[in-house]
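Student: Just so you know, the protein sequences line up as chains E and C, in that order.
The first sequence begins at 1 in the numbering used here and counts up by one.
The second sequence begins at 333 in the numbering used here and counts up by one.
Hint data in this document are derived by calculation from the structure and do not stem from the laboratory.
All figures in this text were calculated on a predicted structure; none of them were measured in a lab.
Glycine included, C-beta positions come from ideal geometry on N, C-alpha and C.
Any given hint could be a false lead.
To be verified - One side only, chain C facing chain E, incomplete, derived with CB under 10 Å: (1) Lys341; (2) Val342; (3) Lys344; (4) Gln350; (5) Ala352; (6) Tyr357; (7) Ser426; (8) Leu436; (9) Arg438; (10) Pro518.
As the list claims (entries may be wrong) - If you want the footprint, here are the derived chain E segments under chain C, 3+ residues with CB under 8 Å: (11) 73-80; (12) 112-120; (13) 128-140.
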Amino acid sequence: MHNNPSDLIVVDQLSKYYRVANKQPGFKGTLKHFFDRKTYDVPAVTDISFKISPGEVVGFLGANGAGKTTLLKMMCGLIHPSTGLVDVGGFSPQRRQTAFLKEITLVMGQKQQLIWDLPPMDSLYVNAAVYGLSDHEAKVRINELAEMLELGDELTRPVRKLSLGQRMKSEILASLLHKPSVLFLDEPTLGLDVNAQARVRSFLSEYNKRTGATILLTSHYMADITALCPRVICIHKGKLFYDGDLDSLANSLSPSREVKVELKNPCPSEQFKKYGDIQDLNDRFVCLLVSRDKLTDVVSNLLTDFDIIDLEISDPPIDQLIGELFIRGEVN
Amino acid sequence: MRIFGLSFKVVKTLLTTQYAYMLEYRIEIALWALSGVLPFIMFSLWSQNDVGNSFGLNDIGLARYFLSAFLVRQFSVVWVVFSFEEDSLSGRLSPYLLQPLHPLLRYVAAHLAEQATRLPFAIAIAITFFILNPSSFWLPSLPQFFLAYLSTHFAFTIAFLLQSLVAALCFWTEKSSALERLIFVPYLFLSGLLVPLSAFPSNVLKVAMLTPFPFLINFPAKILSGMPVDIFNGFLAQILWISILVPSVNILWKLGVKRYTAMGA
Chain E
1 MHNNPSDLIV
11 VDQLSKYYRV
21 ANKQPGFKGT
31 LKHFFDRKTY
41 DVPAVTDISF
51 KISPGEVVGF
61 LGANGAGKTT
71 LLKMMCGLIH
81 PSTGLVDVGG
91 FSPQRRQTAF
101 LKEITLVMGQ
111 KQQLIWDLPP
121 MDSLYVNAAV
131 YGLSDHEAKV
141 RINELAEMLE
151 LGDELTRPVR
161 KLSLGQRMKS
171 EILASLLHKP
181 SVLFLDEPTL
191 GLDVNAQARV
201 RSFLSEYNKR
211 TGATILLTSH
221 YMADITALCP
231 RVICIHKGKL
241 FYDGDLDSLA
251 NSLSPSREVK
261 VELKNPCPSE
271 QFKKYGDIQD
281 LNDRFVCLLV
291 SRDKLTDVVS
301 NLLTDFDIID
311 LEISDPPIDQ
321 LIGELFIRGE
331 VN
Chain C
333 MRIFGLSFKV
343 VKTLLTTQYA
353 YMLEYRIEIA
363 LWALSGVLPF
373 IMFSLWSQND
383 VGNSFGLNDI
393 GLARYFLSAF
403 LVRQFSVVWV
413 VFSFEEDSLS
423 GRLSPYLLQP
433 LHPLLRYVAA
443 HLAEQATRLP
453 FAIAIAITFF
463 ILNPSSFWLP
473 SLPQFFLAYL
483 STHFAFTIAF
493 LLQSLVAALC
503 FWTEKSSALE
513 RLIFVPYLFL
523 SGLLVPLSAF
533 PSNVLKVAML
543 TPFPFLINFP
553 AKILSGMPVD
563 IFNGFLAQIL
573 WISILVPSVN
583 ILWKLGVKRY
593 TAMGA
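Isolated chain E (complex conformation):
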């Protein structure tokens, strides 16, 4: 793969295999497992390649066990690839050179680096010292991030006394104290309530705008992806099967759009068959599925042919489409 200087992250034919032991149930299986353990390699990520430019926000989508977290761990240098290459800003992540570590951060939902029995502020000052920030720099940075994250007194309360949302925001603050330019976020909103999720999302969006940081995000919440990531990379069974913008993905997943019409007077269903697939017809309400290329003509004809009170065009929900995609295992 040719490296363009404008590429911040280059992933080339990356694969990761985990060696696991196979144990059959029962006493016989236990004895066999003890004396003659059988292990085999499970592919977690297979032959994945892509590039990411500085400042991009990229969402990694995939069902549980698809390999997205493994991919993220290889990109941040936490685990070593079995084969292939990762380059992040000219560094080989698995070497974990100090200059590289100062440029990145990893946030994992529900995993903590804060010291449980002390207030977050103590952990923040440890991080500040570890990353070589002066006391003044640390204070300014903590205040700035605390304001963005809407954190105040929480920073001087023991971590164990904080709510999950407050803890997660404190974790994010600790992870961003050293001004990393590449953020690896693995399920950063996991377990948070709707309001806390929204606050974390708006913070990340604001952080990206203010600092130009590159953000790589995995999440099970489609709202995180749709709110933050113009580009998505879909992983299925360890393989990449879509890399592109979210809108194009929605278009390829759903070549049709829903047209909901409210009529002034009821009409028989036969009259609508020529416009598209009838999804629903109830008295004065009709729902049609119309292919995107015919949409303009169909809407124009409907408005001409019928006495219409209201007309609404919509995409099927993206999370529903992605869910179907994972079941199907391929993009149309």
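On the provided structure of chain E, position chain C as indicated by the hints.
Tutor: Chain C only, in chain E's frame:
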């Protein structure tokens, strides 16, 4: 100013934070300090009969030796394998691995902070011991105290490195605390915690001296209690073991980290 490659600020912040953390657990640490009374049990056992004399020690010598053994143990006790295993299995190790600070240094700071927390309890226990055994009271000379202090820190370093070596096996076995038992049993018998090494038959003693264990308790305790001891060779052996263990831990750590799968993370 840099200490072992770390800036003074990192060292100070790590130690003060870990000390604050340990103070949260001061009652637990007091109980841990009390649970280290094995040398006193051994003292009462040996002083009940004439066995102590066969060690070449009278009752006062025996009392001083075991009190010294208790104090050395208080400031060289190591539990890194258990913390490391827990952090490794729970995924807490992952963020530590992605920070520009060797994760083992966090555990060093935690141990040193715990030693500072143990100090008042250890002094209280020593005072109680002297009240119960007034004839055994002694104060080591300043050079004696300094050498004992230094050798205890070396003993801690050796013990920490030995356990770190086992802890690094977590990258392979996931349950390396079980392997720690392989160290603990010879440590118990060959360190001088149960009986001064002078009680051992000469052949056993020769073999024991080839291991690091006599230099973990017996050597510093002998210096502190004022017993005759080969100071030069003792320190030489401690430095030798440290210089063998440091690269061994480094190599095993580097190999292990390559195998890290960030379980639970």
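Student: Run through the hints listed earlier and report the numbers of any the structure violates, in increasing order.
Tutor: Violated hints (numbers, rising): 8 and 10; every other hint is consistent with the structure.
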